[in-house]
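Undergrad: Sequence:
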Amino acid sequence: MADTNTTTGAAREAGKRSPLDPDQVTPLTPELYDYVLRHNPPLDRVRRELVDTTYEKLGGRARMQVSEEQGPLLAFLAKLVGARLIVEVGTFTGMSALWMAEALPDDGKVITCDVSEEWTAYGREAWAKAGVADRIDLRIGPALDTLRALPADPGIDLAFIDADKENNGRYWEELVPRLRPGGLIVVDNVFFHGEVTDPQATGGGGATREFNEQVLADDRVESVMLTVADGLTLARKR
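For the sequence shown, this note's numbering assigns the number 196 to the initial residue and increments by one for each residue that follows.
Incorrect hints may appear among the rest.
[Said to hold, decoys possible] Between beta-carbon pairs, the in silico distance windows are: (1) Thr224 - Ala257: 18 to 24 Å; (2) Val310 - Glu251: 20 to 26 Å; (3) Arg433 - Leu238: 24 to 30 Å; (4) Ile335 - Val276: 37 to 43 Å; (5) Arg365 - Asp425: 32 to 38 Å; (6) Gly364 - Asp229: 34 to 40 Å; (7) Tyr250 - Asp359: 17 to 23 Å.
[Stated by the list, open to error] Below, in silico cross-link-like pairs of lysine to aspartate or glutamate (EDC-like), each with a Cα-Cα straight-line distance of 16 Å or less: (8) Lys252 - Glu320; (9) Lys324 - Glu264; (10) Lys304 - Asp332; (11) Lys252 - Glu313; (12) Lys274 - Asp301; (13) Lys324 - Asp239; (14) Lys324 - Glu297; (15) Lys274 - Glu297; (16) Lys252 - Glu312; (17) Lys274 - Asp302; (18) Lys304 - Glu263.
Hints listed in this document are in silico derivations from the structure and should not be mistaken for laboratory results. Quantities reported herein were computed from a predicted structural model and do not represent experimental measurements. No residue lacks a Cβ here, since even glycine has one placed at the ideal position from N, Cα and C.
With the sequences and hints as input, model every part of the structure.
TA: This is how it looks when you write it as structure tokens:
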């Protein structure tokens with residue numbers, strides 16, 4: 196086994212940086228993650244109830260809910276681009292839609308789509324409690340049908356893709372032309388639990404790996420991939 200310190204030192208001397216240089220990458224321990232959460236907006240009563248309900252009713256599927264630091268990030272991005280129209284693919288139990296809707300002006304709108312009446316019912320209840328139900332347009336049905344029914348002109352300010360990974364590329368191709376110049380697309384789970392590093396990955400891992408290459412090669416956008424939760428890609432339309 197190579198001496199990590201020696202290898203890292205040699206890389207520095209050569210003017211290069213090791214991808215895992217401890218001076219550049221800090222491992223995310225449970226203690227550090229708790230520190231991060233304490234320095235982000237806390238969950239209010241409505242959000243905490245939604246988290247608890249999701250775990251109580253859906254068990255292991257609750258992991259599909261956006262992580263506690265992702266919600267504030269989505270709201271921050273919505274405010275940063277001055278969003279008035281947001282499109283979300285994959286509502287689940289409505290946490291991400293709640294965060295984004297609260298970041299909108301009174302006349303703003305989140306169009307969010309999902310195939311499950313059961314899951315989204317928990318979101319509807321939370322949106323009403325939070326007073327943002329009038330800003331959220333929930334559309335039940337296949338996401339591709341919903342996206343293709345949207346106006347073709349580029350009027351979307353922010354899009355969030357967090358649904359079935361096998362269709363990410365198709366969702367992307369429907370959304371990019373409808374995104375205004377300077378608008379953002381945010382894509383969740385771009386690591387797919389680390390499977391994207393495996394060239395032989397199949398299923399969701401293989402599909403996500405292919406999708407990541409699709410985004411990287413798309414000259415209509417400039418994109419960055421971040422180590423947030425299970426990987427997050429931000430893409431800005433040129």
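Undergrad: For each hint, tell me whether it holds in the structure or not.
TA: Verification of the hints:
1. Thr224 - Ala257: 18 to 24 Å: The hint (18 to 24 Å, Cβ to Cβ) holds, given that Thr224 and Ala257 are roughly 23 Å apart.
2. Val310 - Glu251: 20 to 26 Å: Between Val310 and Glu251, where Cβ atoms are some 22 Å apart, the hint holds.
3. Arg433 - Leu238: 24 to 30 Å: Roughly 36 Å apart at Cβ, these two residues miss the hinted range, so it is violated.
4. Ile335 - Val276: 37 to 43 Å: violated, 27 Å
5. Arg365 - Asp425: 32 to 38 Å: violated, 20 Å
6. Gly364 - Asp229: 34 to 40 Å: Holds: the Cβ-Cβ distance is about 36 Å, inside 34 to 40 Å.
7. Tyr250 - Asp359: 17 to 23 Å: Given a distance of about 22 Å, which is inside 17 to 23 Å, the answer is holds.
8. Lys252 - Glu320: Given that 16 Å is the threshold and the Cα spacing comes to 14 Å, the pair holds.
9. Lys324 - Glu264: Not OK: Lys324 and Glu264 at ~21 Å, beyond 16 Å, violated.
10. Lys304 - Asp332: holds, 7 Å
11. Lys252 - Glu313: Given pair Lys252, Glu313 holds - Cα atoms ~10 Å apart, limit 16 Å.
12. Lys274 - Asp301: Between Lys274 and Asp301 the Cα gap is close to 13 Å, so the pair holds against 16 Å.
13. Lys324 - Asp239: holds, 11 Å
14. Lys324 - Glu297: The hint holds at about 12 Å.
15. Lys274 - Glu297: Between Lys274 and Glu297 the Cα gap is close to 10 Å, so the pair holds against 16 Å.
16. Lys252 - Glu312: Holds. Lys252 to Glu312 sits at ~14 Å (cutoff 16 Å).
17. Lys274 - Asp302: holds, 14 Å
18. Lys304 - Glu263: violated, 23 Å
The structure is inconsistent with the numbered hints 3, 4, 5, 9, 18, although it conforms to all the rest.
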